[in-house]
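Asks: Top line first, the protein sequences correspond to chains A and B. Be aware that the first sequence starts at 1, since it is given in my numbering, and climbs by one per residue. Be aware that the second sequence starts at 1, since it is given in my numbering, and climbs by one per residue.
I should point out that these hints are in silico values taken from the structure, not numbers from a laboratory. A quick note: this is a predicted structure, and the numbers were derived from the prediction, not measured. Where is the CB? At the ideal position from N, CA and C, for every residue including glycine. It cannot be assumed that every hint is accurate.
Said to hold, decoys possible - Each pair of labels, with its calculated beta carbon distance range:
1. B:P89 / A:A108: 29 to 35 Å
2. B:E33 / A:T279: 50 to 56 Å
3. A:D203 / B:A92: 32 to 38 Å
4. A:S86 / B:R166: 38 to 44 Å
5. A:S86 / B:T186: 57 to 63 Å
6. A:E285 / B:D130: 23 to 29 Å
7. B:T186 / A:H149: 50 to 56 Å
8. A:S118 / B:P89: 23 to 29 Å
9. A:M97 / B:L87: 22 to 28 Å
10. B:D126 / A:T54: 32 to 38 Å
11. A:K77 / B:E94: 38 to 44 Å
12. B:R166 / A:A108: 54 to 60 Å
13. B:A92 / A:A288: 18 to 24 Å
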Amino acid sequence: MRKHLLSAADLTRDDALLVLDTAEELAQLADRPVKKLPTLRGRTVVNLFFEDSTRTRISFEAAAKRLSADVINFSAKGSSVSKGESLKDTALTLEAMGADAVVIRHPASGAPHTLANSGWIQGSVVNAGDGTHEHPTQALLDAFTMRRHLGELDGRRITVVGDVLHSRVARSNVLLLSTLGARVTLVAPPTLLPVGVGTWPCDVSYDLDAALPKSDAVMMLRVQRERMNAAFFPSAREYARRYGLDAERMGTLDDRTIVMHPGPMNRGLEITAQVADSTRSVIVEQVANGVSVRMAVLYLLLGGSESALGALPSEAEGVPA
Amino acid sequence: MTTAPPSGPQARDVREVLDADDVHRALTRVAHEILERNKGASEVVLLGIPTRGVDLARRLADRIAAVEAPVPLGSLDITMYRDDLRLKPARALERTELPADGIDGRVVVLVDDVLFSGRTVRAALDALGDLGRPRAVQLAVLVDRGHRELPIRADYVGKNLPTSLRENVRVLVSERDGRDAVLLGTVDQT
Chain A
1 MRKHLLSAAD LTRDDALLVL DTAEELAQLA DRPVKKLPTL RGRTVVNLFF EDSTRTRISF
61 EAAAKRLSAD VINFSAKGSS VSKGESLKDT ALTLEAMGAD AVVIRHPASG APHTLANSGW
121 IQGSVVNAGD GTHEHPTQAL LDAFTMRRHL GELDGRRITV VGDVLHSRVA RSNVLLLSTL
181 GARVTLVAPP TLLPVGVGTW PCDVSYDLDA ALPKSDAVMM LRVQRERMNA AFFPSAREYA
241 RRYGLDAERM GTLDDRTIVM HPGPMNRGLE ITAQVADSTR SVIVEQVANG VSVRMAVLYL
301 LLGGSESALG ALPSEAEGVP A
Chain B
1 MTTAPPSGPQ ARDVREVLDA DDVHRALTRV AHEILERNKG ASEVVLLGIP TRGVDLARRL
61 ADRIAAVEAP VPLGSLDITM YRDDLRLKPA RALERTELPA DGIDGRVVVL VDDVLFSGRT
121 VRAALDALGD LGRPRAVQLA VLVDRGHREL PIRADYVGKN LPTSLRENVR VLVSERDGRD
181 AVLLGTVDQT
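Make the full structure from the sequences, and use the hints.
Replies: See below:
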């Protein structure tokens with residue numbers, strides 16, 4: 001049994017499929033007159049955001065509220081964190097308030113892990129993005145979106161393009177998609193690939209034009225200029241020319257290939273407006289699917305006497321990912 | 001909870017209280033009762049409660065279509081509305097599929113295999129309230145085994161089966177189990 005969701009690597013294939021199937025059922029809620037289920041009534045979910053976020057925080061908030069949980073939003077700005085309060089003291093405060101789950105976003109890689117394993121809090125910890133490390137619910141919503149368009153992901157070719165070095169989305173996606181049997185290719189300039197990427201369960205290429213025609217889905221990553229303290233490429237124009245997705249490059253894709261972006265987009269840098277607004281783009285769907293997937297995660301972690309993830313006895317004999 | 005999960009305690013002294021012919025006759029009678037009570041099929045919507053309630057609802061729909069006109073058919077998963085969710089790890093969800101025209105103003109007939117404590121039906125009524133506003137809700141079950149814990153009764157019953165709490169009732173349907181039958185066994189309370 002896994003009480004927390006810290007990394008996409010925590011999910012076995014059975015777990016990941018359980019989340020995606022559950023999300024598929026919960027997605028129907030969006031079309032109903034009453035967009036609410038009573039399942040988490042009386043439970044408290046705290047959104048603990050030490051870093052700016054629009055869609056992830058709103059998405060978790062909507063997900064928890066649609067399951068009837070009480071939601072407490074905490075952002076570092078305007079809290080005692082700006083007076084120097086530590087993660088530990090913040091966590092102890094939340095524990096005193098009886099948080100059943102803490103959804104944490106933090107600029108430091110590993111902060112959710114610290115929170116989960118410190119003994120400071122009893123509840124479940126859900127990683128909503130930590131530094132350049134992981135963002136497992138983003139990977140789940142990406143897989144959910146791909147599955148809706150492409151069917152089961154076994155053998156599907158997914159190309160992830162751009163700033164892999166600073167991307168928690170890329171790492172979580174590589175881990176989850178490989179668990180689900182997809183073949184991932186990372187395409188980036190050498191300066192934007194992390195050390196040790198050779199050990200990741202994926203291929204690596206520097207040539208975008210070669211990778212595109214073979215792809216079932218292309219995921220463009222945001223160039224994270226706020227995390228860049230050095231020159232990783234000569235100029236924005238040079239980057240857009242070699243690694244940006246424009247209409248001409250989009251023309252080389254197979255007819256059924258979808259274009260994804262985790263947002264927020266730098267239009268004109270990694271993706272042109274023409275591509276982002278095209279019929280291939282599923283970027284707006286990704287946002288809508290985020291709510292369903294996060295509802296599924298919260299339900300499976302908090303809905304029963306204990307978490308339903310990691311509970312399947314068959315995984316012990318399963319092939320390790 | 002209506003039937004023991006496959007992983008639950010094994011029932012012993014299992015005997016067949018309804019065979020396939022009994023099940024067929026009971027469903028045919030219930031289908032006719034639904035038509036009689038509602039003066040035809042024009043307003044009726046059948047909603048099966050997963051898993052076996054869905055199969056039984058489909059059978060009733062086939063019988064009603066053979067006698068009168070086709071009726072809208074759907075399924076209603078009640079997992080998220082259960083009152084015992086926190087007694088077990090979170091469960092996988094079943095399908096909820098409503099007919100295209102919805103349930104507003106219709107007579108919804110809920111269909112389940114076994115009526116026992118009534119808690120499943122209570123959850124189904126709550127779920128229905130979030131999905132629309134039927135003109136009326138009725139309940140059809142293949143077996144009523146008694147031991148209600150809530151003020152709930154069925155409108156249509158295939159077979160009233162007096163049981164003790166130590167007994168276990170299992171409905172088999174050919175779609176899932178290879179044959180139609182109702183089995184009664186004893187479960188050791190250990």
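Asks: Output the indices of the hints that this structure fails to meet, ascending.
Replies: 4
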